[in-house]
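Construct all of the structure, not just a fragment, from the sequences and the given hints.
Line by line, the protein sequences are chains A and B.
To convert a position in the first sequence, counted from 1, into the working numbering, add 2.
To convert a position in the second sequence, counted from 1, into the working numbering, add 2.
What the hints contain is simulated information worked out from the structure, not anything from laboratory work.
There is no bait here: all hints are sound.
Identical chains blur together in the list; that is why a pair holds if it fits in one copy or across any two.
List of simulated lysine-lysine pairs, DSS-like, C-alpha gap at most 30 Å:
hint	residue 1	residue 2
1	LYS205	LYS147
2	LYS205	LYS263
3	LYS152	LYS21
4	LYS147	LYS202
Protein chains: 2
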Amino acid sequence: MDESTTYPQTVANKVNRYKHQATYDVDTIHGIVNSTPVLHVSFVPDPAIPAPIVIPMIGQMALFPRDEANGNSTWKCYLHGYVSSRLMNLADTAVKRGEEGIPLCVAATKVDGFVLSLTPYSHNYNYRSAVLQGFGTIVEDIDEKIWAMKLITNSVVPDRYENTRVPPDNAEMQSTRILKMSITAASGKVREGVPEDERKDMKNEAVLDAVWTGVVPVYEKFVEPVSGPYNRMQRIPEHVSKFVNEENARREEYAREAAKKPAPVKRVKKSED
Amino acid sequence: MDESTTYPQTVANKVNRYKHQATYDVDTIHGIVNSTPVLHVSFVPDPAIPAPIVIPMIGQMALFPRDEANGNSTWKCYLHGYVSSRLMNLADTAVKRGEEGIPLCVAATKVDGFVLSLTPYSHNYNYRSAVLQGFGTIVEDIDEKIWAMKLITNSVVPDRYENTRVPPDNAEMQSTRILKMSITAASGKVREGVPEDERKDMKNEAVLDAVWTGVVPVYEKFVEPVSGPYNRMQRIPEHVSKFVNEENARREEYAREAAKKPAPVKRVKKSED
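Now the structure itself:
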């Protein structure tokens with residue numbers, strides 16, 4: 003990628019808690035977002051009332067080739083889902099006012115294991131999370147919209163788009179909306195490794211003798227695909243079966259390996275921000 | 003439960019899209035929240051700027067026994083995680099101003115399968131999602147705080163709290179904050195079943211012959227627990243092994259069954275809200 007390899011640390015995205023687990027690495031953040039099946043997208047429906055809404059959407063971070071060709075190498079987050087008229091109107095209104103779009107925050111979180119330590123206080127998850135902040139606008143350009151639809155479909159199952167009835171017809175294009183989010187701040191957090199406990203408990207023989215400590219790895223597993231009632235194909239096609247087998251192996255290995263790694267560098271007590 | 007069995011439908015929570023998949027059933031909504039390992043919690047850090055933040059937290063809906071004894075049978079959402087000073091200050095300030103707390107929105111989403119249909123447009127997930135809106139305050143009462151800590155620890159692995167070094171000491175109590183959210187509106191959505199396609203594609207023999215349609219069920223699977231470096235117990239304790247085995251069986255069955263159910267009642271084209 004041409005872009006700088008880390009997102010800037012700003013007041014808006016600086017991680018103040020468990021800093022040693024924080025990351026601003028662009029590849030890491032994009033990787034977390036792009037491997038999370040549901041993103042949680044928040045916005046404020048009525049600017050006069052500071053009450054947000056969170057909705058689940060499917061999304062991907064990517065760089066539209068035309069943007070790249072024009073020298074704009076900043077990745078965007080493309081979101082698909084129920085873009086309500088409310089959200090759409092807010093985005094439109096913001097653009098018409100000369101603003102960058104509607105303020106959005108997107109979170110992607112993957113749980114990789116339950117970390118069971120000596121005390122509830124030190125319990126944790128192994129996890130990967132990313133938070134994006136920025137501004138959303140509706141994609142109006144037809145080429146970019148079709149490109150994003152293909153991107154998002156193939157993010158669910160690779161090559162799925164090419165293996166379906168495409169391109170979208172006019173009715174489908176009109177009923178589908180893609181939200182494009184420019185990123186003003188982003189950060190990630192990754193916790194992996196064995197349990198860790200406070201020194202006071204690590205010196206307590208009775209507690210060490212009585213409490214099992216370890217990690218229960220967890221991953222999103224696919225089971226055998228189930229053909230639908232009007233399916234006519236005799237075999238599960240390779241783009242599906244290969245994806246299921248490869249993803250299961252990769253995910254299981256990640257969760258198992260994460261459970262065995264050294265604990266993060268011991269956290270240092272500091273005042274919270 | 004004594005409370006009414008559905009949340010009221012209001013302007014704030016009324017589902018306008020795919021209404022046939024919407025639910026306001028209290029048990030269904032609580033069940034989705036309480037079986038989701040990470041909740042996504044949003045709030046507005048600066049009321050003057052309509053830009054929200056989303057953070058991942060662990061939480062449970064429950065009814066504090068003392069509340070119930072006092073005739074208050076409304077369930078609350080108890081949230082544990084990094085309650086930043088910012089969030090804490092906002093909650094405190096709101097309470098001091100005589101408000102109910104800081105406006106929060108909580109989303110819980112579980113993906114149960116990828117629904118692959120004839121066209122990208124009709125692709126879907128089998129999923130369960132819930133969205134809560136309400137107001138958050140910091141739990142100050144010691145009994146309620148310990149009760150909530152136990153509740154949340156045992157929501158990760160049942161009986162875990164009793165199998166660790168408890169109760170929390172003073173330092174742990176002071177470093178832990180629990181956010182309690184009163185619910186003003188809530189809604190859920192559940193999609194399960196086989197793929198469904200538009201009539202135009204269902205009549206297209208070439209498309210029916212060429213495209214595999216079906217569901218790839220998915221569930222969060224636990225693999226064998228990995229004992230940590232300072233664990234001394236010879237065997238994985240029953241509260242962990244039983245949980246892993248029972249949950250895996252239950253989750254896999256849900257995902258497999260959801261993949262075979264009839265498709266939701268055909269959606270009727272209607273204008274979006």
